[in-house]
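Assemble the complex: chain A is given as a structure, and chains B, C and D must be docked to it using the hints.
Just so you know, the protein sequences line up as chains A, B, C and D, in that order.
Numbering-wise, the first sequence is residues 288 to 815 according to my numbering.
Numbering-wise, the second sequence is residues 73 to 190 according to my numbering.
Numbering-wise, the third sequence is residues 34 to 666 according to my numbering.
Numbering-wise, the fourth sequence is residues 810 to 909 according to my numbering.
Source of the hints: derived by calculation from the structure; they are not laboratory data.
Mixed in with the good hints there might be a few duds.
Using 20 Å as the maximum straight-line C-alpha spacing, the simulated EDC-like pairs for lysine to aspartate or glutamate come out as follows [what the hints assert, rightly or not]: (1) C:405 to C:475; (2) D:908 to A:758; (3) C:196 to A:678; (4) C:196 to C:337; (5) C:196 to A:758; (6) B:188 to A:424; (7) C:196 to C:393; (8) C:398 to C:475; (9) C:398 to C:484; (10) D:908 to A:676.
For the chain D half of the interface with chain C, some residues (derived, Cβ under 10 Å), not all of them [unchecked claim]: (11) 831; (12) 835; (13) 837; (14) 838; (15) 894; (16) 901; (17) 907; (18) 908; (19) 909.
Virtual Cβ for every residue (Gly too), placed ideally from N, Cα, C.
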Amino acid sequence: MTFPTLNFPVIAPQIVLVAAALIILLADLMVANKRILGWISLIAVIGALAAVFVCRSDSAAFPLALGGPSGPGTMALADGLGLFASAAVLIAAGLAILLAIERVGDFSRFEKPGSEKKQARSGDHPIAEAPGPQVTDRAGAYYALLLLATAGMTAMATASDLMTIFIALEIFSLALYILVGFNRRDLRSGEAALKYFLLGAFASGFFLYGIALIYAATGTTSLEAILHNIQPMSISLPFRPLLPVGMGLLLVGFGFKLALVPFHMWTPDAYQGAPTPVTAFMSVATKAAAFAALIRVLAAVASYDRPWLLALAALAVLTMTLGNLAALRQTSLKRMLAYSSIAHAGYLLIGLAAGNQLGVEGALYYLLAYTFMNLGAFAVLLAVQRRDENDVTGDRILGLAGRQPLLAALMAVLMFSLAGIPPLAGFFGKLYVFSGAVEAGLAWLAIVGVLNSALGAYYYLRVTILMFMAEPAESDQEISSGKVETLQPGWAVMTTVVLAVLGTIVLGLWQWPWTQTIAQAVSTLALR
Amino acid sequence: MTEAYLPILVMMVVAGGFAAIALGVSALLGPRRPNPAKDTPYESGIVPLGDARRRFPVQFYVIAVLFILFDVEVILMYPWAVAARQLGLFGLIEMAIFVVILLVGFIYAWKNDAFKWQ
Amino acid sequence: MLDYAWLMLLFPALGTLIIAFFGRRLGKGVISWLAPGTVLLSFAVAVSQFATLLGLPAEERHHEVVLWQWMTAGSFSVDLALLIDQLSVTMALVVTGVGFLIHVYSVGYMHDDPRYSRFFAYMNFFILMMLTLVLANNYLLLYVGWEGVGLASYLLIGFWFEKPSAADAGKKAFIVNRVGDFGLALAIMFIWSTVGSLRFADVFANADVLVAAGVIGTVTMLMLLAATGKSAQLPLYVWLPDAMEGPTPVSALIHAATMVTAGVYMTARSAALFDLAPTSAMWVAGIGAATALYAATIALAQTDLKRILAYSTISQLGYMFLAVGVGAYASGIFHLATHAFFKALLFLAAGSVMHALHGELNINKMGNLRAKLPTTYWTYLIGAAALAGIPLLSGFFSKDEILWYAWQKSPVLWAVGLVTAGLTAIYAFRSVFVPFWGQPRDQKLFHHAHESPPAMTVPLIVLAVGAVLAGYIGIPHLSLIEGWLEPVFHAGGAAAEGAKAAYPAAWVEWVLLAVSALVALAGAYFAYTAYVVKTSIPKQVRDSLGWFARLVENKYYVDELYDKVIVNPLRDLANWFAGTVDKAGLDGAVNGIAGIAGWLGGQARRLQTGLVGLYALSILFGAVALVAWLVIR
Amino acid sequence: MVPISYYLILSAILFTVGVVGVLIRRNVLIIFMSVEMMLNAVNLTFAALALHFLSLNGQIFVLMAMVVAAAEVAVGLAIVMTVVRHKDTTNIEDVNLLKG
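Looking at chain A on its own, in the form it has when it is part of the complex (with noise of 0.2 Å):
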């Protein structure tokens, strides 16, 4: 009987988020002050962050060994593209925690279950009532689970076996689902919860059904294997004609992730319901973990044929359009902003379906790029949003440059990259993926993608119109007088934004050590 080896750098990552997730929920327990929960969720995440630069240090790739009758293979790698997006999604915890640390109170402290049921008897309002000394506080339970479903993703980005992809995309869905509900004095919260969880839960059905047809095709759910297995010639199997069947079913599975039309319809209302620092985290890192995945699976799987390619191709001008249009007329940001993200998985998936060098840059960059820029959009709706609600609509910043220039300057600098404005990280991201399709022979792609970017640069400038060329809702009387709250960010919003500006301007015009170190990660996998 051989011992599995258990390879601890690879894994690094997630016990020192696993062990910080369970330190804080024992923590929670004891400290009244709940904002030393969010320091230690913090480093925790910056230890993780840590334990990924020693693995690229070794460069080597790490195989986990899972001993079995089907031959060993790797249940994780540390590979470049692991640990790129292992990288993107720390840098998006760690961000959506810093952002939240100020904020968590306002959505999680609640009544405690006894008297919240009599309120629920009497009053149809539970909200209304003044927080008396009954109250919950449960940020302790809010780090945590962000701590869990990082540590998920970033399982899901080095995960090589389609079991561990699965396991990881489950772990981090759970702690989201949960995420999503967190503001229980907001019924949209839960209503969002609610949908996500359902579709969620139908989505991880596909996905785990794909999986077992993957299985029964090739008798393996290693990747490596599967790539061994479906050469022609390599072992009798009589049930190859699933494959692409059980690939289809994959595909949903991803989708519904990253938020691809048709699967996406779920992703507006759960962006808006969620608290929006849930929100800027999901939208960004669960992206990046589901393109990795994504990445590995297809490279091992379809091994880029042309009709996978058309496929993604046709998944990708859908998202891109769908997203683009419906953005166009919302009045709440939150959802203009999950339409938006829609569109950019579109943008994403172009790279991929390019399916050469370029693209698979392309869409890397892009992720990070899409990682710093999104979030920070999202860190700015925090920043102007009220404590007592949970939505951000177009009256929030109206005239914001008056107000607040720095946030507003901020905030244009994200929508301009967001948008594709050069020499900002999200032009790039573009410049990349499109040229990649070019390269492709996709020309068509490209341009379909550039008109789409085009229309996206509407709703972008709308939101810089309302900051910069509009006078404020309320009148200055108005909140002089004390009627409407001023909002101040505080300082930890106000540095999460700044990060990540610094981060979409920094890509921009300094690439040459990100992409060098992308162009590395990619050369590792099979592509054409």
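Then chains B, C and D, alone, in the frame of chain A:
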């Protein structure tokens, strides 16, 4: 080989067919004269008080959720138990970590009064 | 010395940042020195670069300054680097020189604006981006500047956002420009994936690779699309007239002198590519000629002073496109430079009029303003005369050059250009005679009119001097500017050398020169009779003069003939263009597309019913379609 | 010995029943059960394949899937409870604030 299962198939067909025929024939031939008394849950019994689908206190769900979690997670111990001797110390440590994780969850639930029937 | 070219970018960049973040604390006094000061410093650097280049032999006038390695993707890399050669320095001189004067002018013009600091932050940002555009040594950096100036333009057009029309105009400019930009972005992607580099020198040296790959036509046509957007050519010109909603210095700087010439600059810069794509070059010339004529016609029908100038800008840009389209790149840039002077002058003078009349721009409400605004009048007159191509002023020389090259390419293009020149003279002098001559039409406005402060009139005078003299660098056969610029465009191509050999005889050139001079003068005279003589003699005077009146009337028969044969058809045509084609057609199309997109957006929203069952159904549909496609393939 | 494809077909049918259940039912809890049915159909596939490939991996996958399903149930019930507390219904169509 498959012949062995033939009786089962026959039985399923006969059972299903019988049910279908019985329901179909009675639906076709039987007279239909509904009245309020017939539509009550107990046609010839005490008059029901309120809706039969009564709401259960929410604590049932809390208990159920916790039960499912701690019950089913133990499933993962079965494969370990089967191979415990071969896995040796390594497996024991692995399982200890697993149990500690469950334990932390248990403590958290406990301290948050999840087991109190309020 | 040439290595310090980056200083040109540094000063406006610092200006932008300081004014944007500390503008309010600095106060107006500091800003009114700081903002023009940064541009002046850049101008000084540009002059020093120019002097250095002059001191070098012609073949060494090409210098690249690498600031840092920007991006690498595989074997492909782009540096953040500047290119200093004759063309870029000429452009930099125009941008900083005119830009500086307009900054000075703005100090007076915007003095009472509550968002004074924001205005100058935007203006400095514009100068920064425009310099990036013209100094870039590769297409990517050029694209950065390209988008940047678009952004600055949009911010400045919508600067007075309290007016809904201004905010809308800003949005429109941005959106229409994005359509053009998408052409440039795609062109860049094609060049990248074919040549493997975006550096100008590499691309032009390997232009035959593009020909071999069969994409040269696509690339150049995409560039043309980009240029039509930025330089307001048919059919993407619609944003420019609306852009007049911005403050007048903005109209002068961005929408007349500099930004809108970016398309011309890029086409000239890409001369090596257009030389290899004759069809695309022909398109450039054709679109240029058509736009020139079309916009000149519309300008005749406008009553808003700034809109007249806007359409005239479109028309003049058409000339420049005509020039670069027929391969006369140097002439195109020459006209660009002279146009920058006289058009900036015209706009600033119009701003001065507007300043005097409290924002009134309808020329039919003005009259006899020369009595009240002498400086403005004289400078405007010089600008209009230069625009009209009156001999010995700058516009005359540059326009004549273009027509001369057009004649060599095709007499049809020349004829269109000539007709346009006549129309230009008419509308240019109409915009002089109607507001500045005759009787005041609105006494109240006239009464309150006053000359502008020196901060505004001094730049006018300087620009007027420029508008007179700028043409002399390009006198035929002495043509300094051509000899200066020509090496840039024909670094590698021998095709143009062949074209030079086939020049027609010299006397043709002189005849054509005379013809265009005559046309310009005739147009001016026509405007004089139509807008001064006829209206200034009241009808009753005519009736009471008996037999003498017959003579006069006979003269008016000529006028009536004019009216019947030329004026009325022309006016109808102008109205038709302005009313039907412009408003309902092209403008309508732009708005219509926006409307359709909005409507589609509404439909897309309605798909999202909020019902989980539908969402699940959508997932199922997707799953079935995916699996079906992958199984059947 | 029943051919392995019978199991696969049966599990496909079960999976389809689950999918249809999700689509047509309105009660949150029943939708929930339908999802569980889908997962269990997959479990059947895995178990059958474990037999087919004579590999323990399939069986381990079943256990893992069961645990995941249990965790889903726990989270799902908690979410349903929060919604029911706010709005006295388990009909999914009544929960429709977010749309458009």
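Each hint, compared with the structure:
no. : hint           : result
1   : C:405 to C:475 : holds, 14 Å
2   : D:908 to A:758 : violated, 29 Å
3   : C:196 to A:678 : violated, 30 Å
4   : C:196 to C:337 : holds, 17 Å
5   : C:196 to A:758 : holds, 12 Å
6   : B:188 to A:424 : holds, 18 Å
7   : C:196 to C:393 : holds, 15 Å
8   : C:398 to C:475 : holds, 5 Å
9   : C:398 to C:484 : holds, 18 Å
10  : D:908 to A:676 : holds, 18 Å
11  : 831            : holds, 5 Å
12  : 835            : holds, 7 Å
13  : 837            : holds, 9 Å
14  : 838            : violated, 13 Å
15  : 894            : violated, 19 Å
16  : 901            : holds, 5 Å
17  : 907            : holds, 6 Å
18  : 908            : holds, 3 Å
19  : 909            : holds, 5 Å
In the structure shown, a violation is registered for the earlier hints numbered 2, 3, 14, 15, in ascending order.
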